[in-house]
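Trainee: As a plain string of letters, each chain reads:
Protein chains: 2
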Amino acid sequence: MHDPLDNGTARAIWRGQFPRPANRQTVCVQGLGFVGTAMAIAVANARDEIGEFLFDVIGVDLPTPEGQSKVDAVNAGKLPLATTDEELVQAFETAVANNTLTATTDPCAYQLADVTIVDIHLDVIRGEDGQPTVRFDGFRKAMSVLGQTMRPGSLVVVETTVPPGTCEYVVRPTIAEALQERGLPEDAILIAHSYERVMPGKEYYRSIVNFWRVFSGTTEAAADACEAFLSKVIHTKEYPLRRLHATTASETAKVLENSYRATNIAFIEEWGQFAESVGIDLFEVIDAVRVRPTHSNIRQPGFGVGGYCLTKDPLLAGIGARELFGIEGMDFPFSSRAVEVNAAMPKRSVEILRQQLGSIHGKRILLLGVSYRQDVADTRYSPSEVFVNTARAEGAEVVCHDPLVAFWTEQMEHLPSEIPEPHTFDAVVFAVPHREYQEMDVTRWLGDARPLILDANNVLTEEQRLTMRQAGCPMAAVGRGNH
Amino acid sequence: MHDPLDNGTARAIWRGQFPRPANRQTVCVQGLGFVGTAMAIAVANARDEIGEFLFDVIGVDLPTPEGQSKVDAVNAGKLPLATTDEELVQAFETAVANNTLTATTDPCAYQLADVTIVDIHLDVIRGEDGQPTVRFDGFRKAMSVLGQTMRPGSLVVVETTVPPGTCEYVVRPTIAEALQERGLPEDAILIAHSYERVMPGKEYYRSIVNFWRVFSGTTEAAADACEAFLSKVIHTKEYPLRRLHATTASETAKVLENSYRATNIAFIEEWGQFAESVGIDLFEVIDAVRVRPTHSNIRQPGFGVGGYCLTKDPLLAGIGARELFGIEGMDFPFSSRAVEVNAAMPKRSVEILRQQLGSIHGKRILLLGVSYRQDVADTRYSPSEVFVNTARAEGAEVVCHDPLVAFWTEQMEHLPSEIPEPHTFDAVVFAVPHREYQEMDVTRWLGDARPLILDANNVLTEEQRLTMRQAGCPMAAVGRGNH
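Residue numbers (the numbering used here), protein chains in the order written: chain A, -8 to 474; chain B, -8 to 474.
Derived from the structure by calculation, the hints contain no laboratory data. Be aware that one or more of the hints could be misleading.
Said to hold, decoys possible - Covered stretches of chain A (chain B as the covering partner; in silico rule of three or more C-beta atoms under 8 Å from a C-beta of chain B):
no., stretch
1, 228 to 241
2, 254 to 262
3, 272 to 284
4, 320 to 329
Stated by the list, open to error - Some chain A residues near chain B, calculated using beta-carbon distances under 7 Å:
no., residue
5, Trp203
6, Val205
7, Leu247
8, Glu248
9, Tyr251
10, Ser268
11, Val269
12, Asn288
13, Ile289
14, Ala312
15, Phe316
16, Gly317
17, Phe398
Claimed, not checked - Every beta carbon over 10 Å from chain B, so not counted as near; a handful from chain A, in silico:
no., residue
18, Gly24
19, Arg188
20, Arg460
The beta carbon of each residue, even a glycine, is placed where N, CA and C say it ideally should be.
Please model the entire structure based on the sequences and the hints provided.
Mentor: See the structure below:
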């Protein structure tokens, strides 16, 4: 690590490299992952009433090969993530063209920051006792760096999804310790929490600037500063900010949101199995139920739950209760059960294949879709991974395709660019409702092949289903028992 | 039972007793409980475009003392249920004044019916193996009566909440058997299913005529007949009907709705406990989360779940799977867990009192609210019952009050008409958010008494809370840890 420079020097050095108007505030974004990069772009596009840019944004990542490559990409004017959102691409280009966004692996950048937004990862792992836990080491180190470098009066906004209690029991004391070592008051840096509600896909950028924000501060002053900052970045007239009384409250709000979602998904799984068994169409039933405003959030059965958030966030409240508040026996049975049920869901599709084909050993299966969400290339914690590993372990040969994924990182697997011909397969599993699949001319694609068709995620249109059934394909579907 | 009369005779006899225009259809409502009575009133108020009444309605109940008293009430022009809904009262009076609603315990009435709506109870009990089950005996007998009496071509609409599969495996065969004994084709009576979504309270009547209806038939003809009938009673222009492909599907829709609701209530319970433990206000958090349209159905922590539906309906799908479809191991873990969690919820309030008072043995507790819902007199399966029984078993002296309940049937207990003075109580539990409690002048009511105040159900307004806290009352609340 660099020695902390006095701020005037650092700022001057920085300005020398990247000359900018002096009236702008500097915002660092710590961590250039999916959220951090998009957030950096949003802040770099914020303008005042007369259209002047408000912030100089510096994306900061670790000097690892991965971090360096993201930093290099940003500085070369290349977006360091794959996206289908044109608006995000354009906003990135605007920021680059106007020199409001740069990136570095040099933590000295934090010395320049009026605001640092924390967007680093905090993964859930299994502890030695089998309980879920988080490893705070890297997170604590990152907070230390902020405490060692940021100026008095500057603001830290934690955006990472964390166990409730983290701002109070990890962020605050870690920064306080670093400040004390600098001879500064332990509350010299303001600490706030405000979580993102980013939704990957075509409206990625909008889900940052056009969405309700919840925030809080460890002090009133911190909450005030966070509110002032967010008001410049988010369209708060249409999407008013919501201030909570404690950082633990807003941390809880975030994990509650995702726990609620995950539980609703897991809840419906049992009904999907029931529908398959008794010969009804649960999608039809759910359409009827959803008409009620009190039931509009009800979910559909499907292939499984993926992504970085829903697979782990429902465990964070329990981790916070046990590890940060020292509460025994608060096990959040619905939330933790939801994570288990959702993780096992892709195995249900394997089971249906087993029932329909007798055994899947030696059978050739075509899996269509490996990302975790429709029309998105993100394969993190994708249910397809569980499906593929389970089916291959049982001796099936699985060929995968995804219109948005050429190389499947998690499986280290190159995927074909075209949808494979169905002739050599015993079964075809439609796993992700990508537009390309829903627009397929299935008659043409099938030719004279008649594999078992498993619609594992309500992918096929009614017309596609009817066509394949009439062509004589054996049909099965998650959540549907009437074919 | 009467011998089935030939239909012409019966109709003539009936007309002789209650002369009516001959162009109206006759509708029987089987079972004059909360739902049946309201449904009978709604049908008896249905009119055509020029304002002519469409149906003669006959409410039919069993010749038990309870059934007879309801029948006598209707025929004497007295509404046989307590309600705060003025519109329901007026609609009843309109029906009585226009002679479109009568009642009887005589099953011959079904001979006159073009349509019979089934609104009899089907309770969930614990079987010998500890598993939840329903006793179909009474229900089967009721279906037999319809098969023995109703005319060929007439329609049965099952409105009772039943285990999925009931129309197919109980109603249809039972009616078919009775028809065969009459020498009639086994499908001579049309069988449909359409569930109600009645909501007790001030909009009871509207929740019948102004609400989306789901329906289905065991045959297309039955579904068509049901659709034609419902279109005359429900305001289907604003609230379109939704037809499902199987009676099992619409039976499932009903129990799914209530299972979803019950699970969402149970889910939030763990978060309420967490909030109490870590010192945050979960209501504030939930307000922030509910802003998202995808999270608008999230529930609040509270005192418990009561009423006839949410306490049992989540068990019906499992019962249907096991007993009607013979599926093993389909245990609906979320839905059945929800019933358990919700049933135990009032004990949480007892626990909070125990924590705050040390022990509740010998303590005097005032419980405000014994009905299961605000501004409603219905005490069926009220959480207050669980609270009272638990607290009394631990040696507490519990005095109860409810502005809408003078005699608490389930506890065989007369309640005071005024809210008791707080002076002699160690704790006051606000359990039901009746308007009378939310409009209390708490300063005046408290006087110089300073009992522990437990807001168990988000009853108190912020002002009331603040007033009592400032007055020096010890405060506690379900779902709130920051007092």
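Trainee: It remains to establish, for every hint, whether it holds in the given structure.
Mentor: We went through each hint and held it up to the structure:
1. 228 to 241: holds (count 7)
2. 254 to 262: holds (count 6)
3. 272 to 284: With 11 residues in contact (Cβ-Cβ under 8 Å with chain B), the coverage given for the stretch 272 to 284 of chain A holds.
4. 320 to 329: holds (count 6)
5. Trp203: This hint holds: tryptophan 203 (chain A) lies near chain B, its Cβ roughly 5 Å from the closest one there, short of 7 Å.
6. Val205: Because about 5 Å separates valine 205 (chain A) from the closest Cβ in chain B, which is inside the 7 Å limit, the hint holds.
7. Leu247: With Cβ-Cβ at 6 Å, under 7 Å, it holds.
8. Glu248: 5 Å, holds
9. Tyr251: Check passed: Cβ of tyrosine 251 (chain A) comes within 5 Å of chain B, closer than 7 Å.
10. Ser268: Since the shortest Cβ distance to chain B is 5 Å, the answer is holds.
11. Val269: 5 Å, holds
12. Asn288: Constraint on asparagine 288 (chain A) satisfied, holds at 4 Å.
13. Ile289: Constraint on isoleucine 289 (chain A) satisfied, holds at 5 Å.
14. Ala312: 6 Å, holds
15. Phe316: 5 Å, holds
16. Gly317: 10 Å, violated
17. Phe398: Result: violated, 32 Å to nearest chain B Cβ.
18. Gly24: 22 Å, holds
19. Arg188: 7 Å, violated
20. Arg460: 15 Å, holds
In this structure, the hints that do not hold are numbers 16, 17, 19, in rising order.
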